[in-house]
Amino acid sequence: MVENGIGASVRRKEDKRFLIGKGNYTDDINVAAQTHACFVRSPHAHATINSIDTGEAMASTGVVAVLTGDDLAADGIGPLICGVTVTSDDGEPHRAPAHPALAQGKVNYVGDHVAIVIAETLAQARDAAEKVDIDYGVLPAVTDTGSAADEGQQQIHEVAPNNMCFNWPFGEKDAVEAAFASAHKISTLDLVNNRMVTNPMEPRAALGEYNEGTEEITLHLTTQNPHVHRLVLSAFNQLAPEHKLRVVGPDVGGGFGAKIFVYAEELVVGWACRKVKRPVKWTSDRTEAFLSDAHGRDHVATAEMAMDENGKFLAMRVMTQANLGAYLSTFATMVPSYLYAFLLAGQYTTPLIYSEVKAVFTNTAPVDACRGAGRPEATYLVERLVDVAAADMGLDPAEIRRRNFIPVDAFPYQTPVVQCYDSGDYEAALDKAMAMADYDSFSARADEARTRGKRRGIGLSSYVEACGIAPSAAVGQLGAGVGLWESAQVRFNPTGNVQVFTGTHSHGQGHETTFAQLVTEQLGVPFENIEVIHGDTAKTQFGMGTYGSRSLAVGGVAIAKACEKLIAKGKKIAAHALEAAEGDIEFADGNFSVAGTDKAMNIAEVAFTAYVPHSYPEGLEPGFDENAFFDPLNFSFPAGTHICEVEVDPETGVVEIVKYTAVDDFGKLVNPMIVEGQVHGGIVHGVGQALLEGCRYDSEGQLITASYMDYAMPRADNVPSFDIDYAPTNPPHNPLGVKGCGEAGAIGAPPAVINAISNALGIKHIDMPATPENVWRAAQTAALG
Amino acid sequence: MYEFSYHKSASVDGAVEAMNKAEDGKFVAGGQTMLPTMKHRLAAPSDIIDLGGIAELVGITVEGDSINIGAMTTHAAVAASGDVQTMIPMLAKLAGNIGDPAVRNRGTIGGSIANNDPAADYPAAVLALGATVKTNKREIAGDDFFTGMFETALADDELITSVSFPKPTAAAYMKFENPASRYAIVGVCVAKTDDGIRVAVTGATPCVHRGKQLEEALKGEFSSAACVGVDVPEDQMNADIHASAEYRAHLVKVMTKRAVDACT
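Top line first, the protein sequences correspond to chains E and G. Just so we're aligned, residue 1 is where the first sequence starts under our numbering, counting upward by one. Just so we're aligned, residue 1 is where the second sequence starts under our numbering, counting upward by one.
Same shape as in the complex, but just chain G:
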């Protein structure tokens, strides 16, 4: 780890101010990606702005037919929330299967989606459920938030404050885990929402994306059989020692089928 200046603020405004003053600052939420990267000397920010002291960013509230989750809420807290378990059980289960207990007790929803790791779980839920990402500046629709591998619509001095998930009619997330890291090799989230049937795919491609052709097929008939004929193009898939593009494309369909079955 290289030397850096450390800041901890009790407010969103204070954190943003520290960021604006920094030469090459980084916000740190749970630090589950940032800190290992720094320890491996792969990142060398001039300033670390720790968000862990901002009480207003923590907590889960029910707002009508939606659940609002503060950006600094840990995966463990989401998994254990009675409100989440009742309204969107899929989301509680997803959070409860991220990483391991140590990761879940430190890692946060805001940190996860701001990092937008191609194999992270939360981005699939944000996209499939049509969630809204709230920041200190604005509200961003889930569909507009994830812009590329480790890229989001966030500006440098923009902080996620919470994520609002509308309650779906039904939803399921099926994750095919990397046997080593237990990140998603392929994760598919299928949701029946007021906005129609939405399918989000993580792990398979450089950035989480909607499976539009799968959605089309499922609109005709919401059954696993409807997915069988859908063409999932291999050429856009990630490939590594754990899974080839061909295998990932195959898994996208299998995980979608299983998620559909779990919804019905």
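So that you can see chain E by itself, here it is in the shape it has in the complex:
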């Protein structure tokens, strides 16, 4: 057994530098001759730009340059792109309006980027930005998701009639209708999946440097995927050839999806530093972050379930309208389509599913992936509908789930919505969670609460998600413009310590620790002798980055495969040195040994020999340094049951979460402490969506919730201590036996919370966020005996 290997809750290596203030974030980096940028943003949600006068701004103290969309177009830079194609019901690809990185003639949301002002200091840039004189012709705004495509609505983009991006039907419509026609019972639910601002702690930032001598641009960015940024900026935005562009994602303070995308500010800073021949730095302030980071969720949907007389699901029909905002962000089209509809089976054997997704443009910030990305929307809809169905059938919510679960012996299980689940034991997780939550004695606790004037409720959520966001062939078939594998390089230095280069990116997940544990387990090198390096296109060969809970399930396997190659090569070197046949060499705990003898050689000695090959196998390359790529055969399917117990104060509408139980299946855990942290964070994210977070625009397109004074983020006192356990199953296609864990909480929690509140008040439904006033109103109308 290796110390600090797989299964050990090793304390995080990276925390020392964060705790002593030695982290190195983009805004911490300052370079000689650096200038500061401020973006001039639209104050209007929808307007034509009649003229831009930059004269007074250019004359302002300290100003280096003021650049607009005309300058950008003249240099042939941009526009921004969306990398996934969805085919609409008319057979045409989704409508993709031009998305210039600086507006050209029109603005389409409050915060839309119109000009960049570059000055010697940030204060000077901000002063000058106020002097850019823009004559706007204000147009009516469209902000409401549900009515954006209605007849007579203001049109936003010429290429998108009725503000429609796509109408994407999926499934066997006629068969579903026939099943509904003959069903014993049909349950129906209208619901809203509330819009969220993703809110990583560190705001976005970019620092661009241009070297006139080498003609290379170096961009330090707040990115979750430096190589994806480089690829898109180079191949699609014409910023620079790929070999003349270096993208570095240094320490990044959280992403939650919002830092996947290639944003206008990043492209403009990269272009501007070459234009002004000075380094240019831009750091978003918090108001800009609210206005211009991609937002998440924002669906309105109607869901229907057809059942037989035993509550067995026969067919499901889902009509969804999804808001994509003013322009298409990098992966916007994928979120409400493939990442959403393909999860609508949930944990159930529902044989027929029909889904129609209408994606619409509005005069709001672009909407894209936010922790879970489509899967929280699907899970919330399914798990809420299942509770409504249980009530309609007079069944306990746990019982209707059991009757419809995919049984443990049915895996691999082909759902009617593309995904083929590889492994799972849904009933085991439910049983364990119910025991931990004392589900069976809930009614006694509800009675006791009633004596204090409170209403208790309990809510289940049995979720499954598809993460890893791979294999390449699958995402390619779906219209993705990239492959989705991961790469790794494991390099021994001559002195025996190890550098691990990964194409994933850690922005809080603890990869430097988890990946070092993988290597120490496999190669027997002491944990402290391993350094994990990520986030720099000049260091790591290539990689697709970190999102969709993919880093361990895909990137970790690439590391393991590189380790296997090292062991294979090491056997050759050891066989030569130990004067044995290669086939007689065994490797364990860091030592190569000759089977049946005490002759052995440590892997550090093997590495030294590989770099100082004085006596070395003939024909073998020197060096101890291996690359590997991993493209999995399927997605990863974490699953579990979460149970939330709430106490509602009907007099004020305040909801207190009194107990929260989560039993998850993440396969094998590498670092249980880090996994637990991911579960905690995910649940809090989900509780935030369920109770607190609601991004709101007014009818003129002004963002009302543009600061923490009005946008409520969850805090420690909004949640209890969590009761967490696991019910693992082994995913057969994953060589490490691991599944993703980063998004599960955010996917599982919202329906558990809303199911609990609905249960407490005896109501069919309440929309998120279940704010005190909304809960109070629901309590007024509910028959509270």
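Mixed in with the good hints there might be a few duds.
As the list claims (entries may be wrong) - Here chain G is said to cover these stretches of chain E; the calculated rule only asks that three of the stretch's residues, wherever they fall, bring their Cβ under 8 Å from a Cβ of chain G:
| id | stretch |
| --- | --- |
| 1 | 704 to 710 |
| 2 | 767 to 775 |
Unchecked claim - So the derived list for chain G, only partly shown, Cβ under 7 Å to chain E, looks like this:
| id | residue |
| --- | --- |
| 3 | Pro-179 |
| 4 | Ala-180 |
| 5 | Ser-181 |
| 6 | Ile-241 |
| 7 | Ala-245 |
| 8 | Tyr-247 |
| 9 | Val-254 |
For the record, the hints were derived by calculation from the structure and aren't laboratory data. Treat the numbers as computed from the prediction; the structure is a model and nothing was measured. We put the CB at the ideal spot given by N, CA and C, even for glycine.
Given the coordinates of chain E, assemble chain G onto it according to the supplied hints.
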């Protein structure tokens, strides 16, 4: 933030003199409202007169049956004061629940009541306890101090020096917090004082006010049940995305009932 001239004085007179010389000066106490407003470029004073160097404005003293709190005393200091905790525990608790630790370590009682934010906590205590606001010019009764939204009886060159709180027989403050900002959506302070029963309501309307009808009802019978029939008019209530006027009016009664229960 726009450019401004910065002054720091060691005395009240020096600060007032700097204010009189300034074109459009502003006193800054803890700066917890002023500085964010300036950073957002929503305020552009020509001069900032920092009160942080005036030692005489800091401190808590017991004067007979009253507690005198210097204007520049932080919320954290009031919350931690043994004298406040003993004589007016409600006030220590109120101060200890303003904002977050960073705000409480910078924000001051003088700054809070001079700003008179409609959702601030201290104004409710000043009004309910019948406190006296002492300035460099005069003494102002709590009832006369708060004149409108972000408006007070203070003249431009008038500085709060301290606030004197008489010890009540009993008092409680119940705050229904905005889930985002944690300011009061509705805060109700109920006090039994030598002057009778006083109820002050913050957060609900554009300016902190006495709940006279609630006081009348409680004079008859000091119990939460007595509040039930009181009419709290919706038409004067604030309304925003966090709480409608109807909900706020409802909360005024609920918070009053809970404060009364906490007093008894």
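A quick look at each hint next to the structure:
1. A count of 5 residues in the stretch 704 to 710 of chain E with a Cβ less than 8 Å from any Cβ of chain G is obtained; the coverage claim is therefore met, three being the minimum.
2. Only when three residues or more bring their CB closer than 8 Å to a CB of chain G does the claim for the stretch 767 to 775 of chain E stand; here the count is 3, and the claim holds.
3. Interface hint status for Pro-179/G: upheld, as the beta-carbon distance to the closest one in chain E is roughly 4 Å, under 7 Å.
4. Nearest Cβ of chain E to the Cβ of Ala-180/G: about 4 Å, under the 7 Å cut. The hint holds.
5. For Ser-181/G, the shortest C-beta to C-beta distance to chain E is roughly 4 Å, which falls under 7 Å, so the interface hint holds.
6. Interface restraint check for Ile-241/G: the shortest CB-CB distance to chain E comes to about 6 Å, inside 7 Å, so the restraint holds.
7. Annotation: Ala-245/G was flagged as interfacial toward chain E, and the flag is violated, the nearest CB pair being 11 Å apart, outside 7 Å.
8. Given hint, Tyr-247/G at the interface with chain E, holds; its Cβ is 5 Å from that chain's nearest Cβ, closer than 7 Å.
9. Nearest Cβ of chain E to the Cβ of Val-254/G: about 5 Å, under the 7 Å cut. The hint holds.
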